[in-house]
Amino acid sequence: MDREAATLEIKARLNIVDVVGRYIELERSGRGYKGLCPFHREKTPSFHVEEENQYYYCFGCHATGDIFSFVMHMEGWDFVEALQALASEAGVVLEGASTNKVNNKLLDIMEQACQFYQQQLRGSFAEKYLKDRGITSQSVVKFRLGFAPDGWQNLATSGIKATEQEFLDCGLIQKRRSGSGYYDRFRNRLIFPIFDGFGRPVAFGARALGDDKPKYLNSPEGMLFHKKELLYGWNWAKESVRKQKTLILVEGYMDVIACHEAGINNVVATMGTALTEEQIEIFSKQTNKVILAYDADAAGQMANRRGVMMLLRYGFDILAANFPVGFDPDDVLRKLGPDSLKEAIDSAENYLNRTIRQSAANNDLSKVGSKTKFLRDIAPLINEIPSRALQEEYLHKLSEITSLSYYAVEKEVLQKTSKEYERGRSRYNNKVVSPSASDLTVDVYEEAERDFVATVFGDPSYINEAMEIGFELDWLENDGLRNILKGVLMPSDSLSVPFNRDSVELIRELAERMEKIDEKRFRDCLRKLAERHIYRQIEELSIAVTKSNESVFYFEALIELRELMIQVENLSEL
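Sequential numbering of the sequence shown, starting at 1, is according to my numbering.
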């Protein structure tokens, strides 16, 4: 069944009331149901689910969509992931069933292997190792920890029904270097199953318990496992992240387990590698706040700077946990106790502020050379901030610390943007295109668009004032904002408006902005948008004049230009 047909069939088989009811409490209201909106904070239920038409709508934040968009937001999935999950629940076979059948077979083998390793843990010295480390029996069960015994052919004789090729595709065995045949990849190691977003084991992390190298060994990349696209612990963390609006990033498996044992569930591990864009995509729809809970030593901080720069580029609010030097979350829990771990995370401070303070302390800022070194150390981080306003705030701070002029600091710190920065900026701004004919910064217009739409979002009557000066939807350059505003102003056309996870995230941002905007700010935003619109007209007309050789057109254009300039001057009266 192709995607379109499958989508319709799933909607016919599943009731949106049942699906939404798993996440929020619903009560009957007229012909539908209502409950507290999961997309914004409220005390009085304004979130309505229509059983007859199979859609939801919030009168508070105006979030709307169907069973797919709801699950996408709540689980942090893209459409394909939501489709696969709901298709499985509805018993709908998707197109490409042969591939799905192969993957399902491999997933079944991985589940059997996971159970095999769990059984092997009982009574083994790996179990004693865990007890000596202070890992509770509850954690052993929750994280499905296991043990791969010593030996070369344990899986082959385990009773798991699989061919050699299937074992190979799962990454459970590997070819001998000399001669023919295969042997078990994991031997004499503590096993950490790695789960996908659905909670299915798709790979294993294995820790050596003796002198074997490497200390940690992961499953190879394959049909089920793509390390850069997974975060260890996300299957347990996602619900907590959604509720707390905060994600804690740690380095390894033991750190995740330690946090859970301290009652901290919104935590995931990058599994010892640098954070990737694919991993950021997993949690970016649930939160824009990240707490780094890495080893506090210098080497650990530098190793994770690439991930930090990526988070900055995408507009995340980044904090750093206050661990003693040389301690990671597992160390803090085992040596100082759960309260100390909670305190270290609860007292997390702004990452950039801490980095600036530490770097300043490590440099003699009474010397010009040290000031330059200090600024160049901080510069890569400042350059990744997508908000010009926030950049300026840090530039002023650096100017104060170094006793240098703002101009000197700006010249030293701000560099030409990289392609990666522009890609991150585009993502942060939802692909807003900057106007070329204005001396106002792009960020001013971006903020104006967001605040303008947020105001109308909260009170549609504000649009009347905008209409009086000729406002049209094409004044907005952000496609997402334009689509949302169209849905508010023209509900009958809302079904034709593209709706995806970015839309949900944007709606959540608008709901948060509504409370901070007053009438004065709305008029200021409207004035900026009108000014940009007029400047565009001036630019287009100016280009036309330079290309035309007709004197009549030239003089008519001058008159029109003059009228447009008067319109700009009159905007100050708004």
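Keep in mind the hints are simulated off the structure, nothing from the lab. These numbers were taken from a predicted model, which means no experiment stands behind them. Idealized CB from N, CA, C, for every residue including glycine. Some clues are possibly wrong.
BS3-like mimics (lysine-lysine), calculated; alpha carbons at most 30 Å apart, straight line [stated by the list, open to error]:
id, residue 1, residue 2
1, Lys213, Lys335
2, Lys105, Lys142
3, Lys128, Lys11
4, Lys43, Lys245
5, Lys105, Lys43
6, Lys289, Lys128
7, Lys43, Lys397
8, Lys142, Lys43
9, Lys516, Lys289
10, Lys161, Lys289
11, Lys243, Lys213
Restraint ranges, calculated between C-beta atoms of paired labels, are given here [to be verified]:
id, residue 1, residue 2, range
12, Arg357, Gly179, 54 to 62 Å
13, Asn362, Leu473, 46 to 54 Å
14, Ser366, Glu221, 32 to 40 Å
15, Gly470, Gly369, 40 to 48 Å
16, Ser461, Ser366, 32 to 40 Å
17, Ser240, Glu392, 43 to 51 Å
18, Asp132, Glu392, 46 to 54 Å
Outcome of the hint check:
no.: 1; hint: Lys213 <-> Lys335; result: holds (27 Å)
no.: 2; hint: Lys105 <-> Lys142; result: holds (24 Å)
no.: 3; hint: Lys128 <-> Lys11; result: violated (50 Å)
no.: 4; hint: Lys43 <-> Lys245; result: holds (18 Å)
no.: 5; hint: Lys105 <-> Lys43; result: violated (46 Å)
no.: 6; hint: Lys289 <-> Lys128; result: violated (38 Å)
no.: 7; hint: Lys43 <-> Lys397; result: violated (39 Å)
no.: 8; hint: Lys142 <-> Lys43; result: violated (34 Å)
no.: 9; hint: Lys516 <-> Lys289; result: holds (19 Å)
no.: 10; hint: Lys161 <-> Lys289; result: violated (44 Å)
no.: 11; hint: Lys243 <-> Lys213; result: violated (40 Å)
no.: 12; hint: Arg357 <-> Gly179: 54 to 62 Å; result: holds (59 Å)
no.: 13; hint: Asn362 <-> Leu473: 46 to 54 Å; result: holds (52 Å)
no.: 14; hint: Ser366 <-> Glu221: 32 to 40 Å; result: violated (51 Å)
no.: 15; hint: Gly470 <-> Gly369: 40 to 48 Å; result: violated (57 Å)
no.: 16; hint: Ser461 <-> Ser366: 32 to 40 Å; result: violated (59 Å)
no.: 17; hint: Ser240 <-> Glu392: 43 to 51 Å; result: violated (35 Å)
no.: 18; hint: Asp132 <-> Glu392: 46 to 54 Å; result: holds (53 Å)
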